[in-house]
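Enquirer: Here's the letter readout for the chains.
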Amino acid sequence: MDNTLIDSMKKSFGKSLLYTLPMFLITFLFLTGGRPDFSNPASGFAFLITFLGVNVLYFLMHFTGKTDRFRAIIFIIFAVSLSFTLIKNMVEIRSSMSFSQADIVECKIPFCHLVIPMMIIPAAFTKSIIFPGSIIGGFANISSMLVLWLIATLVLGRGFCSWGCFYGGWDDGFSRIRKKPLIKKLSDYWKWMPFAVLLMVALTAALTLIPTYCDWICPFKAVTEFEQVTNVESAAKAGVFISLFGGLVVVLPVLTRRRTQCSFLCPLGAINTISNKVTPFTIKIDKKACNECLKCVEVCPLYALTPEGVKSGNVSVFCSKCGKCVDACSKKAIHYGIKGIPAGTMKNFSRNLFLFVSFLFIAVFSSGSIIFTLTGLFKLIF
Amino acid sequence: MKKIKIVAGITWAFICLILIIILFPGLNSFSVSAARLPFMKINPNFTGGEVVQQVATEGCTLDIRRPVFDGLFRDRKRGFVQIDWRGNIPDTITDTIDYNLDKIPDFRIIIDRISSRTSLVPLNAKVKDVAVSTSTSYGWALRVGIQK
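Residue numbers (numbering that gives the first Met the number 0), protein chains in the order written: chain A, 0 to 381; chain B, 0 to 147.
These are computed hints drawn from the structure, not numbers from a lab.
There could be a bad hint or two in this list.
Restraint ranges, calculated between C-beta atoms of paired labels, are given here [claimed, not checked]:
1. T229(A) / E57(B): 32 to 40 Å
2. Q53(B) / A123(A): 53 to 61 Å
3. S38(A) / P37(B): 37 to 45 Å
4. A123(A) / D111(B): 19 to 27 Å
5. K184(A) / S136(B): 21 to 29 Å
6. I14(B) / S11(A): 54 to 62 Å
7. E57(B) / L149(A): 21 to 29 Å
8. F124(A) / E57(B): 42 to 50 Å
9. R73(B) / F138(A): 46 to 54 Å
10. L149(A) / A7(B): 32 to 40 Å
11. I119(A) / I14(B): 21 to 29 Å
12. I14(B) / G312(A): 46 to 54 Å
Built from N, CA and C at the ideal position, the CB exists for glycine as well.
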């Protein structure tokens, strides 16, 4: 290996370490409150692995210059561990993955961000939330989840779907199983479908005052909690949840290498698409550097890039800033940017700032459930 | 203009950075503040509405809630009334309920808690059916479907 390469690697290593230091300190402070507790060996060890793991991933993002491959690791682990946390919580409290009539009557159902599209109209007209959860206190309360989503979506826009959503990791994970897609062409008109779903669930929820998406459609009920199957209606609902999970979260992502549930169904994704107009962070295309190979269009998991868009230097509002296109571009023509800064300029500054903000969010948001899952696994093994 | 746009973009990005940094340490206080917003209460269709009548018997309290007909813009034709039993509840609950406070019994309810069997005897034409009858962490909850 020649000396210049070794020197540049040393320089890059030192620089990446320097970039990681603030993340290391802040995540340590946020996860431990400044006082790490190792009194329980299993949870202490789980904390150590999680804390070091997230910081190694952040370091590697800087050291290798690649974003998506390391983001995907924490994103997928987050999805799996959150489902584990929810299910373990349900099983410990209720001895079952399903919730009962009593849980609804007592408003004990954990709240997730997918309810938000349905609660807007009723909240405006009835001044109340149409969900049998707890406003404050308890597991996954409405107030905390609302604050988390609101700030994250303001800061990241649809970036929330790739850096914050604890369900997105499921179809992201399945979309990476095959090296090449079996279904190469799916009409990208389907990407407007979430707006239709949003309209439908918002209206039906307003009319019935029931969160209809959660009640009838949500595919992630299959990996979290669902209504106890006691009659034909609840059996039909369970059938819908499992079919949609199997179809849109497992089979289609494997066949297309795209995140089909996020692209074609999720109503919150539609709202986050609108919030992409507010966030300062964006993906930019430097037309001067672009050779229009369209590799970015090919790899985009959310149909956010089109050949016409790339040629005119535009990334659509469907972009979730996952970084797959940035990693794929051999000319470094597509890059993270900040609104107002022209494409092709201040690339490193924009990327570093975006990575710090988005990674800090997912690192802190996900660590609790990852630690919980690892602790559970250690207790099971040892 | 170009410079103003750049400065505005970077300023907004730094504000976002600060927002994310304060989000997690401040989450509890932000959540408490958000919980005080006027729309931050659970809809009566889920909570069962406010308690309007409380009847205390030997070691057992009976809470009768207000009938819930709440719709999006106006009341619905069909709703429910929720009754909660708390405390030392007998294995078989037998009660006569006057939910509209007109001093005339509206229905009679018999609940066998062991078999979870619930029998409703309507004494008022507006009383329709048993919507929910379940054991809860505090005792027993019953929702009876009613017409306005």
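Enquirer: If a hint holds in the structure, say so; if it does not, say that too.
Expert: Status of each hint after checking the structure:
Distance hint check: the CB atoms of T229(A) and E57(B) are about 33 Å apart, consistent with the given range 32 to 40 Å. The beta-carbon spacing between Q53(B) and A123(A), approximately 33 Å, falls outside the hinted interval of 53 to 61 Å. Judged by the Cβ atoms, the range 37 to 45 Å given for S38(A) and P37(B) holds: they are separated by roughly 43 Å. Checked against the hint of 19 to 27 Å, the pair A123(A) and D111(B) fails, with Cβ atoms roughly 44 Å apart.
Our hint of 21 to 29 Å for K184(A) and S136(B) is violated, since their Cβ atoms are close to 54 Å apart. Our hint of 54 to 62 Å for I14(B) and S11(A) is violated, since their Cβ atoms are close to 30 Å apart. Taking the beta carbon of each, E57(B) and L149(A) are about 49 Å apart, not inside 21 to 29 Å as hinted. Hint check: F124(A) to E57(B), Cβ distance near 44 Å, so the stated range 42 to 50 Å holds.
For the pair R73(B) and F138(A), the beta carbons lie near 35 Å from each other, so the given range of 46 to 54 Å is not met. The supplied range of 32 to 40 Å is broken by L149(A) and A7(B), whose beta-carbon atoms lie about 22 Å from each other. Distance hint check: the CB atoms of I119(A) and I14(B) are about 25 Å apart, consistent with the given range 21 to 29 Å. One distance hint, 46 to 54 Å for the beta-carbon pair I14(B) and G312(A), is violated here, with the actual separation near 27 Å.
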